[in-house]
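Asker: Make a model of the complete structure from these sequences and hints.
Going by our numbering, the sequence shown opens with residue 35, and the numbers climb by one from there.
It cannot be assumed that every hint is accurate.
As a list, the in silico DSSO-like pairs of lysine-lysine whose alpha-carbon atoms are at most 30 angstroms apart [stated by the list, open to error]: (1) Lys63 with Lys122; (2) Lys84 with Lys36; (3) Lys118 with Lys59; (4) Lys63 with Lys118.
What follows is a set of in silico ranges between Cβ atoms, one per label pair, in the way DEER data are often shown [claimed, not checked]: (5) Phe126 with Ile91: 19 to 25 angstroms; (6) Ser92 with Met52: 21 to 27 angstroms; (7) Gly129 with Lys98: 28 to 34 angstroms.
Simulated from the structure, these hints should not be mistaken for lab results. Treat the numbers as computed from the prediction; the structure is a model and nothing was measured. Note that beta-carbon positions come from the ideal geometry of N, C-alpha and C, so glycine has one too.
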Amino acid sequence: MKIAQDIIIAPVITEKSMSGIADKKYTFKVARDANKIEIAEAVEKLFKVKVAKVNTISVRGKMKRMGRYSGYTAAWKKAIVTLKADSKPIEFFDGLM
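Answerer: This is the structure we're talking about:
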């Protein structure tokens, strides 16, 4: 069984993900084998909030070149977590706004 810290890897901090905070939508980089139920439970346990729904996206690796050598960056999984209306916001993201 995985613990919450193994499922939620890092927050995704981009301009688009920061605009979703007003609607209580938070974006995280998650483990590739994690499902929506595990992600919801991990966010609830780590941040003490109530999750309404979870949307997941598998992000493909991009083609990168360094001179004549080329390869792909690592593929990863992104989760957009929507909190319930009566839930408190996540404090970590409040400091970034």
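Asker: May I ask which of the numbered hints given earlier this structure violates, with the numbers listed in increasing order?
Answerer: none
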